[in-house]
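S.K.: In the order they appear, the protein sequences are chains Y and R. What the first sequence shows, in this note's numbering, is residues 1 to 408, in sequence order. What the second sequence shows, in this note's numbering, is residues 1 to 408, in sequence order.
It is possible that some hints are incorrect.
Here chain Y is said to cover these stretches of chain R; the calculated rule only asks that three of the stretch's residues, wherever they fall, bring their Cβ under 8 Å from a Cβ of chain Y [unchecked claim]:
| id | segment |
| --- | --- |
| 1 | 53-62 |
| 2 | 133-147 |
| 3 | 212-219 |
| 4 | 241-252 |
| 5 | 318-326 |
| 6 | 353-363 |
Away from chain Y, derived, C-beta distances all over 12 Å, residues of chain R [as the list claims (entries may be wrong)]:
| id | residue |
| --- | --- |
| 7 | R118 |
| 8 | A267 |
| 9 | A295 |
| 10 | E305 |
| 11 | G400 |
Hints are computed from structural coordinates only; laboratory data are not their basis. Even for Gly, the Cβ is constructed at its ideal location relative to N, Cα and C.
2 protein chains.
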Amino acid sequence: MTAPDAPLSGLRVVEVSAFVAAPLGGMTLAQLGADVIRIDPIGGNIDLRRWPLAPGGTSLYWTGLNKAKRSVALALDRPEGREIARALICAPGEDAGFLLTNLPASGWMSHAALSAHRTDLIMLRLIGNPDGSGAVDYTVNAAVGFPDATGRGGEPVNHVLPAWDIAAGLLLSTGLLAAERVRRRTGRGQEVVLSLADVALASAANLGYLADVRVNGAVRPPMGNELYGAFGRDFPTADGRRVMLVAISNRQWRAIGKVTGLAERLAMIGPMLDVDLGDEGGRFAARHAIAAVLAPWFAARPLAEVARLFEGSGILWGPYQDFGQLVREDPRASAANPMFAEIEQPGVGRVLAPAVPLAFLGTPRPDPRPAPRLGEHSDAVLAELLGLSGEAIGRLHDSGIVAGAEAP
Amino acid sequence: MTAPDAPLSGLRVVEVSAFVAAPLGGMTLAQLGADVIRIDPIGGNIDLRRWPLAPGGTSLYWTGLNKAKRSVALALDRPEGREIARALICAPGEDAGFLLTNLPASGWMSHAALSAHRTDLIMLRLIGNPDGSGAVDYTVNAAVGFPDATGRGGEPVNHVLPAWDIAAGLLLSTGLLAAERVRRRTGRGQEVVLSLADVALASAANLGYLADVRVNGAVRPPMGNELYGAFGRDFPTADGRRVMLVAISNRQWRAIGKVTGLAERLAMIGPMLDVDLGDEGGRFAARHAIAAVLAPWFAARPLAEVARLFEGSGILWGPYQDFGQLVREDPRASAANPMFAEIEQPGVGRVLAPAVPLAFLGTPRPDPRPAPRLGEHSDAVLAELLGLSGEAIGRLHDSGIVAGAEAP
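I would like the entire structure built from these sequences, with the hints used as guidance.
M.R.: And the structure:
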């Protein structure tokens with residue numbers, strides 16, 4: 001089921017999941033070449049119909065997050081269905097015996113119960129809070145301080161990107177490969193647990209936000225679209241568009257003065273405010289004066305002219321684009337970008353699908369593959385992993401334990 | 001230098017990096033037990049003094065993102081310094097020969113040049129745009145649509161969390177372990193390239209935002225702090241605090257009605273608006289009416305009372321907390337959380353440091369270790385990896401090729 005020379009070809013992972021984080025972790029492994037088998041209850045898990053939907057009702061969200069996997073649909077509410085799931089999770093194979101889940105892993109799906117059937121099972125389990133209580137990206141995000149530091153103040157602003165889910169998903173893929181390395185060296189499987197809240201808390205701490213409170217008593221305030229600690233902000237253009245301009249290095253800073261022709265005026269700011277504009281912190285301190293000098297330049301030019309002047313200049317900048325402008329105007333979001341390919345997604349039609357962003361130059365970049373229809377691979381996986389005959393599989397269908405391809 | 005039973009103990013990675021993404025990728029590996037040696041120019045790279053700073057000038061950002069690594073400071077602008085760096089990167093060892101970088105990898109640091117000295121070198125390289133042109137989190141974010149979908153509209157709102165850097169860093173750690181698996185099986189090293197813009201573009205596509213434009217012609221609008229496609233939003237409380245409330249499952253939805261005592265009133269919304277409140281999409285359609293019923297309940301109660309009533313109820317919620325409230329009020333951001341430990345960070349003092357969020361239950365969770373002082377391990381690493389004598393190392397110091405511990 002996987003390209004033979006893909007980085008993770010040969011690896012087989014079972015995923016029992018929903019929503020973003022665990023599915024993204026599994027998809028990352030699948031797009032790197034692992035055979036990732038997502039097991040769902042017949043009829044689909046709670047995320048099967050999440051918005052946005054295609055006109056026919058297929059979820060663009062579900063199909064986006066489950067590309068390149070195989071799908072098996074089982075009656076997980078019945079003992080026979082759970083027994084098949086367990087057999088798939090614990091099926092033999094040196095490169096198998098991996099379970100990735102964000103569902104409550106109790107009873108038959110606990111590590112203790114499963115490892116009785118495969119002692120070297122590696123199980124990656126995403127939970128909400130470190131104590132196991134429920135939390136999702138939205139509630140975690142509210143608690144870790146970022147919404148209060150976003151926007152112009154007055155009220156907190158939630159992020160729209162489920163950033164913690166994405167980070168958690170990628171930590172799950174890292175963790176699975178690290179646990180695989182342990183098993184290869186020692187023979188030992190293990191359970192690896194990841195708390196979504198911990199992902200957010202660790203990030204806030206790693207970036208210095210928590211230490212800033214503890215050491216300096218400082219709480220980072222919201223600053224609109226300005227960078228903290230360096231010069232950077234947005235500027236409207238003459239045609240109602242907007243660009244993000246950033247100067248981190250002195251080279252980038254000098255390029256701004258040179259290309260806009262405003263170097264001399266910008267240089268007046270140093271003595272005027274008694275700051276060193278050759279230093280990130282000085283430019284941050286002088287950011288309002290810098291913006292005052294630059295703003296009329298942007299306001300006098302349409303985006304296309306800014307783009308033409310900045311091209312190849314060493315200036316660090318980018319246009320703001322809504323999702324529509326991104327799709328219509330940016331060649332990076334098209335098949336001209338080697339990461340993307342146009343594929344046929346069952347239930348949706350032609351979509352622009354990304355591969356995993358990692359490009360392994362030692363092997364050809366595998367084209368992205370569509371998400372499965374729910375249950376599409378039930379029969380093939382049962383035959384392949386459990387050695388069940390067509391007749392036995394037919395009986396499982398008849399008794400409602402297994403379901404085949406439904407619309408995704 | 002690493003705990004002998006940590007998941008990645010034995011692995012040795014050289015990092016030549018700056019800022020967030022590559023350092024986070026390296027730190028993830030280091031906190032999983034790898035020996036990660038960060039090489040910097042003498043005097044430090046461009047990120048050494050990034051804000052926020054401790055009172056003595058040590059960067060809380062740099063120390064946060066480089067925990068558990070070893071630091072070597074070399075005169076990378078001189079041939080002798082570059083030769084030592086190359087020798088460290090290409091030093092022998094079955095579990096060595098890894099380079100992680102986000103710096104321009106040309107000349108001596110190109111994969112071609114380095115792999116002449118170690119043919120099985122694995123090199124992970126972060127770039128900005130897929131064509132190699134410059135891009136940073138801020139400029140990428142502006143382009144991929146999220147700021148235009150954040151806040152209440154009128155103007156785009158940048159995220160404050162460098163979400164793309166974080167995702168890229170975690171993809172680098174996944175990619176390095178995947179490339180290690182390839183090398184173990186085939187003997188082949190390779191270069192793996194990751195574009196920061198591709199990370200963001202893939203995420204926008206994976207979550208269905210791009211397909212929504214292509215398939216439905218729909219551009220996700222900003223919706224303040226409301227969820228899309230389900231019920232969830234923020235509510236102010238009587239004491240000027242605010243909570244995020246989410247109902248994704250029907251069980252969570254019913255719990256809200258039960259605990260607030262407003263189930264009957266909420267049930268009136270279904271017939272009133274002709275929507276099915278037993279469905280996520282129906283609750284999204286009715287979100288303003290739902291909020292109108294719930295808002296007075298929150299407005300009449302202080303946060304502490306809401307917390308007491310919601311505790312253990314099955315309601316999915318969380319308080320908004322700024323970074324100060326998070327540090328002062330939330331036990332998850334304290335040493336009571338097994339992920340955190342109080343450590344002594346040179347140049348800073350006592351800080352609350354997180355381990356990697358992944359908890360490997362098969363091994364004791366290693367305590368977080370501080371970031372090095374710049375150049376702290378120059379002598380030890382040169383002796384250990386290159387077999388240089390104390391005398392030879394002394395000469396390198398004298399000629400300014402190597403520097404020892406400076407303040408971090």
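S.K.: Please go over all the hints and tell whether each is borne out by the structure.
M.R.: The hints, checked one at a time:
Figure legend: the segment 53-62 of chain R, annotated as covered by chain Y; annotation consistent (5 residues with Cβ-Cβ distances under 8 Å, at least 3 required). A stretch counts as covered by a chain when three or more of its residues have a beta carbon under 8 Å from one of that chain; for the segment 133-147 of chain R and chain Y the count is 13, and the coverage holds. Only when three residues or more bring their CB closer than 8 Å to a CB of chain Y does the claim for the segment 212-219 of chain R stand; here the count is 7, and the claim holds. With a cut-off of 8 Å between beta carbons, the segment 241-252 of chain R has 6 residues touching chain Y; three or more are needed, and the interface restraint holds.
Figure legend: the segment 318-326 of chain R, annotated as covered by chain Y; annotation consistent (9 residues with Cβ-Cβ distances under 8 Å, at least 3 required). Coverage of a stretch by a chain is defined here by at least three residues with a beta carbon nearer than 8 Å to that chain's beta carbons; for the segment 353-363 of chain R and chain Y the count is 11, and the condition holds. In this structure R118(R) is separated from chain Y by more than 12 Å, as the shortest Cβ-Cβ distance comes to about 15 Å. Residue-level check passed: A267(R) sits 22 Å from the nearest beta carbon of chain Y, beyond 12 Å.
Against chain Y, the non-interface label of A295(R) holds: every CB pair exceeds 12 Å, the least being about 14 Å. Remark: the non-interface label on E305(R) is consistent with the geometry, its nearest Cβ contact in chain Y lying 18 Å away (cut-off 12 Å). Distance check on G400(R): its Cβ is at least 23 Å (rounded) from any Cβ of chain Y, clearing the 12 Å threshold; non-interface status holds.
In this structure, none of the earlier numbered hints is contradicted; all agree with it.
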